[in-house]
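Asker: Next come the chains, spelled out residue by residue.
There are 2 protein chains.
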Amino acid sequence: MVEDGSRSRRGRRAKLQEDAADHRPVNYHSLDNPFTPVPAFSDDRAMAIHETALRVLQELGIKVLLGEARDLYRRGGALVDEETHMVRIGREMVEQALATAPKSITLKAGSPQKDLVLELGKLVVQPGAGAPHASDLIRGRRPGSIADFREFTRLTHHFDVLHMMPPVVEAQDVPANLRHYAMTEAELTLSDKLPFVYSRGTPQVMDCFEMIRNFRGLSEKEFQQQSHCYTIINTNSPRQLDVPMAQGLIDFARNNQVSIVTPFCLMGAMAPVTVAGALTLSHAEALAAITLTQLANPGAPVCYGAFTSNVDMKSGAPAFGTPEQVKANFGAGQLARLIGLPWRSAAGCAANINDAQAAHETQMSAWSVVLSGATVMIHGAGWIEGGLTVSFEKFITDIEMLQVFAELCTETPSEDSDLAFEALAEVQPGGHFFGATHTMERYQSAFYQPMNYDWSNFGTWTERGSKDASQRASEHWQAILASPPSFIPSADRVEELESFIAHRTEAGGAEPES
Amino acid sequence: MVEDGSRSRRGRRAKLQEDAADHRPVNYHSLDNPFTPVPAFSDDRAMAIHETALRVLQELGIKVLLGEARDLYRRGGALVDEETHMVRIGREMVEQALATAPKSITLKAGSPQKDLVLELGKLVVQPGAGAPHASDLIRGRRPGSIADFREFTRLTHHFDVLHMMPPVVEAQDVPANLRHYAMTEAELTLSDKLPFVYSRGTPQVMDCFEMIRNFRGLSEKEFQQQSHCYTIINTNSPRQLDVPMAQGLIDFARNNQVSIVTPFCLMGAMAPVTVAGALTLSHAEALAAITLTQLANPGAPVCYGAFTSNVDMKSGAPAFGTPEQVKANFGAGQLARLIGLPWRSAAGCAANINDAQAAHETQMSAWSVVLSGATVMIHGAGWIEGGLTVSFEKFITDIEMLQVFAELCTETPSEDSDLAFEALAEVQPGGHFFGATHTMERYQSAFYQPMNYDWSNFGTWTERGSKDASQRASEHWQAILASPPSFIPSADRVEELESFIAHRTEAGGAEPES
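Protein chains in written order, with numbering that gives the first Met the number 0: chain A, 0 to 513; chain B, 0 to 513.
Do not take every clue at face value.
Pairs involving identical chains hold if they fit within one copy or between any two copies, as the list cannot separate such chains.
[As the list claims (entries may be wrong)] Okay, derived cross-link-like pairs now, EDC-like style, lysine to aspartate or glutamate, Cα gap no bigger than 20 Å in a straight line:
hint, residue 1, residue 2
1, K62, E421
2, K313, D453
3, K62, E425
4, K313, E440
5, K313, E462
No lab work stands behind these hints, which were simulated from the structure alone.
All chains, full assembly: derive it from the sequences and hints.
Answerer: Put into structure tokens, the structure is as follows:
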């Protein structure tokens with residue numbers, strides 16, 4: 000029995016308490032998805048959806064509001080009606096585009112450790128994005144501000160399990176013609192993770208490219224040789240591509256930067272009520288957008304995407320974490336694998352606060368993202384109210400879930416010594432393994448150490464104030480933001496960036512395209 | 000455009016509001032797991048765990064506290080030390096037992112619709128079980144009582160997604176020698192789902208068999224021809240089988256009733272600190288118990304089981320929903336498939352209230368149960384504090400999660416009509432599908448309708464009192480319990496049962512074995 004050794008059980012347990020944290024060698028920066036993708040349909044029915052999407056593009060077409068984009072489609076062989084702006088795209092054009100779109104995309108961040116590869120089999124995570132509101136337990140729910148955006152940018156930088164910088168909340172207190180300066184400045188100066196750029200028209204996009212180029216110390220040519228930022232393109236479902244989105248696809252393609260094409264198709268609202276029908280529409284729209292990138296610049300990096308869930312048929316409200324969203328993600332993964340491109344999917348929830356509903360909906364959709372083999376999970380942390388708000392507390396509690404997923408990407412040791420025959424021989428019936436040699440050799444790195452989960456018993460938990468997950472999360476994000484920033488940018492680059500912004504601000508900035 | 004039709008959008012939406020609920024034809028009573036099981040190890044390393052477990056039984060042995068069980072093992076060929084009570088079991092004995100243990104078990108409930116089949120590929124769900132405490136928002140946290148047990152039995156009966164009746168909470172207000180009467184009476188008179196019987200010694204088990212037999216109107220022989228109830232056998236890890244558990248294995252086997260063998264192995268405490276080592280121990284113990292059932296009655300129905308998670312190495316407290324539990328479930332599923340038996344796994348959480356932590360931990364472990372191909376998920380609803388309490392509110396919020404899982408067990412329609420080409424042609428760019436013919440034909444059954452999730456927007460949710468998931472769940476369970484019972488037993492059977500209990504009570508009942 001282990002108690003016979005020179006060290007008492009109590010002494011060993013005390014030692015464990017000192018040493019148990021922070022010894023796990025798990026690399027959260029780069030994750031390979033360990034799960035075989037789950038299908039929603041038989042292979043031939045997935046192919047039928049692909050074929051029907053091609054038929055939608057060829058026979059029904061897509062409405063394209065930007066003349067330059069219609070020109071590109073026409074020169075590529077599409078039938079364009081300049082009166083209705085309808086563009087009908089033949090399958091050969093789509094197949095040609097899919098042949099030139101790269102299957103693997105390398106993205107250069109501010110440091111090599113943060114560089115990313117987008118390809119099938121990788122798992123890249125972003126927190127919630129694009130919310131008009133921010134909320135937390137201290138300051139309440141309010142319109143997003145640049146202060147909120149900066150805080151979320153710092154939190155996104157803080158956690159290794161978040162790989163890309165998204166536009167977490169809208170900085171509504173900054174005028175629309177100057178907002179892209181403030182957001183890009185925050186992204187570049189508060190983190191070396193990959194920055195996001197909104198496609199709100201060519202002038203803003205060019206401003207952002209210039210800021211990123213200069214901050215990274217790249218010539219225009221160097222910038223265009225690799226991808227240094229990304230944008231997200233939402234089609235206007237059903238079957239419509241508006242001016243800023245079309246401009247974004249063209250601008251990013253021509254500059255070799257990454258467009259993530261994501262139709263947002265709500266079954267029963269802007270898409271057919273069936274999973275298969277909504278995916279047919281989503282796939283058609285994505286293929287049209289991907290085709291445009293390759294017409295603008297063959298070989299340009301572009302990521303497939305799908306964000307398909309259902310609405311509440313009683314109210315029309317969008318819902319997330321539903322069985323239908325799960326199935327749609329499984330199906331979208333089949334379509335992505337069929338065309339071979341990296342692809343983006345989304346977690347999400349409709350809950351109004353960070354309660355059990357929020358956690359259940361978010362994790363249900365997150366599992367569907369992981370099991371569908373998506374390359375990029377967006378809205379992985381903080382997103383509530385169907386995307387109208389990002390919550391600081393939910394940001395933290397979701398990170399714990401994401402870290403558990405990251406742990407599942409690691410191998411489970413199964414060498415002979417892990418099977419522990421000797422330990423089983425050492426510990427007698429009725430004994431315990433706390434002090435066994437096998438345990439002592441491994442306890443520091445055996446288990447994931449939780450960050451926000453409280454595993455204390457009811458008595459201890461009560462004595463400590465009966466704090467729920469959100470209350471603990473509130474303390475956690477405040478502590479992170481109260482600490483000195485862990486990323487310190489070059490002072491020269493910051494000065495140069497600020498001078499650029501001052502100069503452009505004086506010149507009137509750049510209005511968004513609509 | 001659909002607005003051109005005779006019915007306005009508003010009119011159609013109002014119609015949707017009236018009709019959308021309760022039209023889904025999904026059968027929650029019988030679920031087939033749609034997921035290909037996920038492995039934790041390569042096939043050869045899973046086999047190495049199996050082989051090492053056999054070596055543990057053969058070389059190290061298991062301590063068996065019941066003389067009758069040691070006799071059975073000895074007569075089967077085991078090496079038994081009557082001084083230490085150690086039983087060493089050869090691999091041929093285990094292999095022989097695995098050859099006679101049935102791969103498919105039919106369980107007869109109180110009505111044919113509630114009958115169950117336990118075999119690999121099925122998914123059978125139970126709520127949380129075995130908790131000493133109950134808690135809810137109205138009455139607080141308290142020792143479990145027979146009133147609590149009866150209420151949870153009614154709630155378990157209410158939801159089709161719960162298939163077996165477990166001992167949700169301990170009826171601590173009923174003396175130990177009479178408790179099995181009160182619990183079995185509740186199970187039989189409040190539900191026709193499959194009843195559970197505690198293995199707390201032969202006298203109590205025989206009482207329970209007699210009550211079930213009489214209530215179902217079966218002769219002793221008819222009772223023994225099929226399985227009408229089940230028990231759960233927890234070994235005393237490491238490597239120990241106590242008296243009541245060994246008696247239960249023998250009694251259930253001899254009467255053709257089902258033992259679910261579930262070693263509860265906490266990595267780093269009562270089991271090795273590694274996933275592979277804990278599974279080696281758990282597997283060895285399960286094989287020893289399964290072997291005993293087949294020695295008592297070759298062909299007796301027995302279900303494999305594993306409940307393996309880790310402890311917090313700082314405090315020794317058990318943890319659930321951890322990456323290590325997920326991986327252990329994946330590995331246990333490999334071992335179950337290797338021996339071909341149906342098997343039981345468990346969800347769980349360590350959270351002290353029904354908050355985001357509780358939901359995340361529960362769903363993470365529930366996914367691991369589903370993805371590991373477990374036949375039976377126990378602790379699927381309500382379990383908090385690592386099993387010390389079952390919460391009425393969490394019971395409801397977890398049921399929502401379980402119903403989403405049940406929906407994932409259904410096929411995703413993908414006929415040509417589901418692909419919706421005609422609907423896509425009907426709805427023009429910028430339009431919507433709310434009133435499309437394709438939608439109108441399907442809206443009543445297209446989507447899962449949530450029970451507790453609130454999908455209203457922030458304004459409406461605030462106007463309605465800003466109720467979180469637990470507050471809504473509290474109203475929900477109260478409403479169910481305030482409604483008349485949906486199961487009405489035969490008055491004659493109830494009278495007979497009560498007379499039996501009165502008679503046995505007068506005779507002193509039956510003390511539990513320890």
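Asker: May I ask which of the numbered hints given earlier this structure violates, with the numbers listed in increasing order?
Answerer: The structure conflicts with no hint, since it agrees with every one listed earlier.
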